[in-house]
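A.B. asks: Sequence:
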Amino acid sequence: MTFASTSNAAPAETPEAVKNVVLVHGGFVDGSGWAKVYNILKKDGYNVTIVQNPTTSLADDVAFTKRAIAQQNGPVVLVGHSYGGVVISEAGTDPKVRSLVYIAAFAPDKGESVQSLIANPPPGAPQPPILPPQDGFLFLDRAKFAASFAGDVSAEEAAFMADSQVPWGVQALGGAVTEPAWKAKPSWYLVATEDRMIPPPAQQMMANRAGATVVEVPGSHAIYVSKPEAVAKLIEQAAHGKM
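Under full-length UniProt numbering, the first residue of the sequence shown is numbered 1, with each subsequent residue one higher.
The hints are simulated quantities; they were obtained by calculation from the structure and are not laboratory data.
Keep in mind the model is a prediction, meaning the values are calculated, not measured.
Positions of the beta carbon are idealized from the N, C-alpha and C atoms, including for glycine.
Any given hint could be a false lead.
25 Å max Cα-Cα, derived DSS-like pairs, lysine-lysine [said to hold, decoys possible]:
id : residue 1 : residue 2
1  : Lys42     : Lys66
2  : Lys19     : Lys96
3  : Lys183    : Lys43
4  : Lys110    : Lys66
5  : Lys66     : Lys96
6  : Lys42     : Lys183
7  : Lys110    : Lys144
8  : Lys96     : Lys183
9  : Lys66     : Lys144
10 : Lys42     : Lys96
11 : Lys66     : Lys19
12 : Lys233    : Lys19
13 : Lys242    : Lys36
14 : Lys43     : Lys96
15 : Lys42     : Lys19
16 : Lys19     : Lys36
17 : Lys36     : Lys183
18 : Lys242    : Lys96
19 : Lys96     : Lys110
20 : Lys185    : Lys242
21 : Lys144    : Lys183
22 : Lys19     : Lys185
23 : Lys233    : Lys185
24 : Lys233    : Lys43
25 : Lys183    : Lys19
26 : Lys43     : Lys110
27 : Lys185    : Lys66
28 : Lys110    : Lys185
29 : Lys36     : Lys233
30 : Lys43     : Lys242
31 : Lys96     : Lys185
32 : Lys19     : Lys242
33 : Lys110    : Lys183
34 : Lys185    : Lys144
Simulated DEER-style distance windows between Cβ atoms [said to hold, decoys possible]:
id : residue 1 : residue 2 : range
35 : Gly124    : Ala35     : 41 to 47 Å
36 : Lys43     : Lys242    : 18 to 24 Å
37 : Gln134    : Pro218    : 33 to 39 Å
38 : Glu16     : Pro133    : 42 to 48 Å
39 : Arg209    : Arg67     : 25 to 31 Å
40 : Ala147    : Glu16     : 39 to 45 Å
Whole structure, please, built from the sequences with the hints as guidance.
C.D. replies: In structure tokens:
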């Protein structure tokens, strides 16, 4: 594991640690994948809320996330995985959000969406096995799910994730961010160096552009499932404002 701080958005002062963490999942999965991270954070004394965003449209997913933020009794660390990074970039402008944490996630700029960010993949990058849309929703090829999404997750767990996929709305894929929260608030970013869904160079580009504090961890796109300790550690660093 390597750490490299590239932050240019440090807070003016270091208040006491934030105790509220809101976790936002990405496409094709639901909030249950956060269970191991949730257990670590709860054990360490954090109040943790998992958003069950429907991944139907960016507007709907932001609304679900903002409801979860509104329920908190103080400042919030807002965490997103994959497409969840788009959601937190839009919802993170909420005044309660103190900081953002991206876990192998999209961190779009103003006017960008997942669709625009994946339009021109780096040469030689693996192609996610996304099937043609069905009634406006996307799925991953079950036979290729493990290799592409969860290469370092147990075979049994990867098979369950493949068989319990949540339909990802085409409207969510094309939802563009209006004003990215990372431009005004400090952010942290975990790059999964063996990711076959979002190329690691693309993750690095987005993290650097956001001025995030970056940690690189060997792992698949499902690193929040396979390496929950590393993910929880970065979230706790964000809660303490450690750059």
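A.B. asks: Each hint: holds or not?
C.D. replies: Hints, verified against the model:
{"no.": "1", "hint": "Lys42 to Lys66", "in the structure": "holds, 21 Å"}
{"no.": "2", "hint": "Lys19 to Lys96", "in the structure": "holds, 12 Å"}
{"no.": "3", "hint": "Lys183 to Lys43", "in the structure": "violated, 32 Å"}
{"no.": "4", "hint": "Lys110 to Lys66", "in the structure": "holds, 19 Å"}
{"no.": "5", "hint": "Lys66 to Lys96", "in the structure": "holds, 10 Å"}
{"no.": "6", "hint": "Lys42 to Lys183", "in the structure": "violated, 29 Å"}
{"no.": "7", "hint": "Lys110 to Lys144", "in the structure": "violated, 32 Å"}
{"no.": "8", "hint": "Lys96 to Lys183", "in the structure": "holds, 16 Å"}
{"no.": "9", "hint": "Lys66 to Lys144", "in the structure": "violated, 34 Å"}
{"no.": "10", "hint": "Lys42 to Lys96", "in the structure": "holds, 20 Å"}
{"no.": "11", "hint": "Lys66 to Lys19", "in the structure": "holds, 17 Å"}
{"no.": "12", "hint": "Lys233 to Lys19", "in the structure": "holds, 14 Å"}
{"no.": "13", "hint": "Lys242 to Lys36", "in the structure": "holds, 23 Å"}
{"no.": "14", "hint": "Lys43 to Lys96", "in the structure": "holds, 23 Å"}
{"no.": "15", "hint": "Lys42 to Lys19", "in the structure": "holds, 10 Å"}
{"no.": "16", "hint": "Lys19 to Lys36", "in the structure": "holds, 18 Å"}
{"no.": "17", "hint": "Lys36 to Lys183", "in the structure": "violated, 30 Å"}
{"no.": "18", "hint": "Lys242 to Lys96", "in the structure": "holds, 19 Å"}
{"no.": "19", "hint": "Lys96 to Lys110", "in the structure": "holds, 21 Å"}
{"no.": "20", "hint": "Lys185 to Lys242", "in the structure": "holds, 14 Å"}
{"no.": "21", "hint": "Lys144 to Lys183", "in the structure": "violated, 36 Å"}
{"no.": "22", "hint": "Lys19 to Lys185", "in the structure": "holds, 17 Å"}
{"no.": "23", "hint": "Lys233 to Lys185", "in the structure": "holds, 19 Å"}
{"no.": "24", "hint": "Lys233 to Lys43", "in the structure": "holds, 13 Å"}
{"no.": "25", "hint": "Lys183 to Lys19", "in the structure": "holds, 23 Å"}
{"no.": "26", "hint": "Lys43 to Lys110", "in the structure": "violated, 37 Å"}
{"no.": "27", "hint": "Lys185 to Lys66", "in the structure": "holds, 16 Å"}
{"no.": "28", "hint": "Lys110 to Lys185", "in the structure": "holds, 15 Å"}
{"no.": "29", "hint": "Lys36 to Lys233", "in the structure": "holds, 12 Å"}
{"no.": "30", "hint": "Lys43 to Lys242", "in the structure": "holds, 20 Å"}
{"no.": "31", "hint": "Lys96 to Lys185", "in the structure": "holds, 11 Å"}
{"no.": "32", "hint": "Lys19 to Lys242", "in the structure": "holds, 14 Å"}
{"no.": "33", "hint": "Lys110 to Lys183", "in the structure": "holds, 10 Å"}
{"no.": "34", "hint": "Lys185 to Lys144", "in the structure": "violated, 37 Å"}
{"no.": "35", "hint": "Gly124 to Ala35: 41 to 47 Å", "in the structure": "violated, 34 Å"}
{"no.": "36", "hint": "Lys43 to Lys242: 18 to 24 Å", "in the structure": "holds, 19 Å"}
{"no.": "37", "hint": "Gln134 to Pro218: 33 to 39 Å", "in the structure": "holds, 34 Å"}
{"no.": "38", "hint": "Glu16 to Pro133: 42 to 48 Å", "in the structure": "holds, 47 Å"}
{"no.": "39", "hint": "Arg209 to Arg67: 25 to 31 Å", "in the structure": "holds, 29 Å"}
{"no.": "40", "hint": "Ala147 to Glu16: 39 to 45 Å", "in the structure": "holds, 44 Å"}
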